[in-house]
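S.K.: Single-letter residue listing:
2 protein chains.
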Amino acid sequence: MEILDKEVILKQFPQLEQPLLEELLKQSTLKEVEEGEEVMRTGQYIKSTILLLSGLLKVYREDDEGNEFLMYYLEPGNACALSMMCTARTEKSQIMAKAVAKSEVLLVPSHLSEMWLGKYKSWHNFVIASYRQRFEELLQTLDSIAFKGLDERLLFYLKRHVKVSGKEVRLSHQQIADELNSSREVISRLLKKLEQTGAITLHRNYIEVHDLEIV
Amino acid sequence: MEILDKEVILKQFPQLEQPLLEELLKQSTLKEVEEGEEVMRTGQYIKSTILLLSGLLKVYREDDEGNEFLMYYLEPGNACALSMMCTARTEKSQIMAKAVAKSEVLLVPSHLSEMWLGKYKSWHNFVIASYRQRFEELLQTLDSIAFKGLDERLLFYLKRHVKVSGKEVRLSHQQIADELNSSREVISRLLKKLEQTGAITLHRNYIEVHDLEIV
DNA sequence: TCCCATCTGTGACTATTGTCACGGTACGCG
DNA sequence: CGCGTACCGTGACAATAGTCACAGATGGGA
Numbered sequence: 006m007e008i009l010d011k012e013v014i015l016k017q018f019p020q021l022e023q024p025l026l027e028e029l030l031k032q033s034t035l036k037e038v039e040e041g042e043e044v045m046r047t048g049q050y051i052k053s054t055i056l057l058l059s060g061l062l063k064v065y066r067e068d069d070e071g072n073e074f075l076m077y078y079l080e081p082g083n084a085c086a087l088s089m090m091c092t093a094r095t096e097k098s099q100i101m102a103k104a105v106a107k108s109e110v111l112l113v114p115s116h117l118s119e120m121w122l123g124k125y126k127s128w129h130n131f132v133i134a135s136y137r138q139r140f141e142e143l144l145q146t147l148d149s150i151a152f153k154g155l156d157e158r159l160l161f162y163l164k165r166h167v168k169v170s171g172k173e174v175r176l177s178h179q180q181i182a183d184e185l186n187s188s189r190e191v192i193s194r195l196l197k198k199l200e201q202t203g204a205i206t207l208h209r210n211y212i213e214v215h216d217l218e219i220v
Numbered sequence: 006m007e008i009l010d011k012e013v014i015l016k017q018f019p020q021l022e023q024p025l026l027e028e029l030l031k032q033s034t035l036k037e038v039e040e041g042e043e044v045m046r047t048g049q050y051i052k053s054t055i056l057l058l059s060g061l062l063k064v065y066r067e068d069d070e071g072n073e074f075l076m077y078y079l080e081p082g083n084a085c086a087l088s089m090m091c092t093a094r095t096e097k098s099q100i101m102a103k104a105v106a107k108s109e110v111l112l113v114p115s116h117l118s119e120m121w122l123g124k125y126k127s128w129h130n131f132v133i134a135s136y137r138q139r140f141e142e143l144l145q146t147l148d149s150i151a152f153k154g155l156d157e158r159l160l161f162y163l164k165r166h167v168k169v170s171g172k173e174v175r176l177s178h179q180q181i182a183d184e185l186n187s188s189r190e191v192i193s194r195l196l197k198k199l200e201q202t203g204a205i206t207l208h209r210n211y212i213e214v215h216d217l218e219i220v
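Read top to bottom, the protein sequences are chains A and B.
For the first sequence, the numbering used here assigns the number 220 to the last residue and increments by one with no breaks.
For the second sequence, the numbering used here assigns the number 220 to the last residue and increments by one with no breaks.
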């Protein structure tokens, strides 16, 4: 645990009121997580709200057979309000959060987070807004799975990835297939088609995105 | 708007504290909805939290082309905390709540609901618990769509329906197909297979469920 | 009672997605 | 610089789900 730099927090969470920030500094834990490291898993003992200071997290679902699919990304300034919500069940499927890049997170113990809901209006608003945003994103994911074919889902996936990490998508076809719960060959084929339209260019281990709207 | 029977509310929501119940009686609106009537639609002007007193609601997603899929059911004693969450967007997809049977709902204006979060501990707990439950159910639906074939999804659907409305499932194949965002013929075929295992018996406009666990 | 609207069953065909097999390519490391 | 490992491309085939066409069943009014 390091000394928290108040300015860093302030910059990411300008909407939080002063006294709340003071408490945040005193009561929360800063944690650095490496790329690929697991940040949260539903049903774990420690329940905290997670505030992302830097880096990038992906939140995804994993079933009992190791299948997974991406729910959404968390960017700096976002909170994973989910963690407040998750009961300590040890059931089959789980929600996982993993660092996509080296990240810094702030862990707020659940009891504090709950208390602050009443104590600090700005916290209350922040948590509600977080929920709202995450929920909307989850619904978009849900829609694309329920209503769309794999080709459109791939497009949706790429757009989202571009939004959080830029036009150089450094992923193998296998990784994409995993996050869409599909198979490598199928993704390769679809990507090839996309390349033929001129929307992207394929390279080893990364995809250069030109324009995904033209498709 | 009728005179609210305090005892009815009390029975459905025993976990709420006395002064809160008083306020509920004064400030909320009772509404009767007929079978098939729409109770909520995201993006509508009036934002309220919905408490279900009697009957049964289904909450589902509908996209711009009229496709739909069932998210979950709401039973008496449940709240649709979602309505607090839904911004007034007029986007493509929507969350809808519709009465499956004649129902009575209590509408709590959003600003009160939010205020009570701080004022009444029991309300806070109730809302959080509602979220949690609905969210878990939504995730189950999500799982079944993402990871399972249509046969398993149908089973899951039937089980859930049995849980809320008993072993006589009064639905046409077409209705089931709609709620699973599939087509009638496919559902008919799968149901036929289920009948052959002895799990169900098919009739016109209703399905007699014997045992869905044996499959 | 008879007729029509609705519901159900089924075969044939198509489209999409997943699986298998295999060959080629690029990169990193000794 | 060559060798191995991971990555990518592709054809053939299988499985699942959606579509079309049509026939038969059923039940509720006129």
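Just so you know, the hints here were simulated from the structure itself, not pulled from any lab data.
One thing to keep in mind: the hints can contain errors.
In this list, chains with the same sequence are indistinguishable; a pair is considered to hold if it fits within one copy or across any two.
To be verified - Straight-line Cα separation of at most 25 Å, SDA-like style, residue types lysine to any residue; simulated pairs: (1) K153 / L217; (2) K153 / V13; (3) K52 / L122; (4) K124 / V105; (5) K164 / E70; (6) K52 / S177; (7) K52 / D148; (8) K153 / H178; (9) K153 / Y78; (10) K164 / I150; (11) K16 / N130; (12) K153 / R46; (13) K16 / F152; (14) K16 / R175; (15) K168 / E39.
Because the structure is a prediction, the values reported are computed rather than measured.
S.K.: With reference to the structure, classify each hint as holding or not holding.
M.R.: Results of checking the hints against the structure:
no. : hint        : result
1   : K153 / L217 : within (16 Å within a copy, 29 Å between copies)
2   : K153 / V13  : neither (40 Å within a copy, 44 Å between copies)
3   : K52 / L122  : both (16 Å within a copy, 21 Å between copies)
4   : K124 / V105 : neither (34 Å within a copy, 40 Å between copies)
5   : K164 / E70  : between (28 Å within a copy, 22 Å between copies)
6   : K52 / S177  : neither (33 Å within a copy, 44 Å between copies)
7   : K52 / D148  : between (29 Å within a copy, 23 Å between copies)
8   : K153 / H178 : both (20 Å within a copy, 23 Å between copies)
9   : K153 / Y78  : both (20 Å within a copy, 24 Å between copies)
10  : K164 / I150 : both (15 Å within a copy, 22 Å between copies)
11  : K16 / N130  : within (18 Å within a copy, 32 Å between copies)
12  : K153 / R46  : between (28 Å within a copy, 22 Å between copies)
13  : K16 / F152  : neither (39 Å within a copy, 40 Å between copies)
14  : K16 / R175  : neither (28 Å within a copy, 57 Å between copies)
15  : K168 / E39  : within (21 Å within a copy, 44 Å between copies)
The structure is inconsistent with the numbered hints 2, 4, 6, 13 and 14, although it conforms to all the rest.
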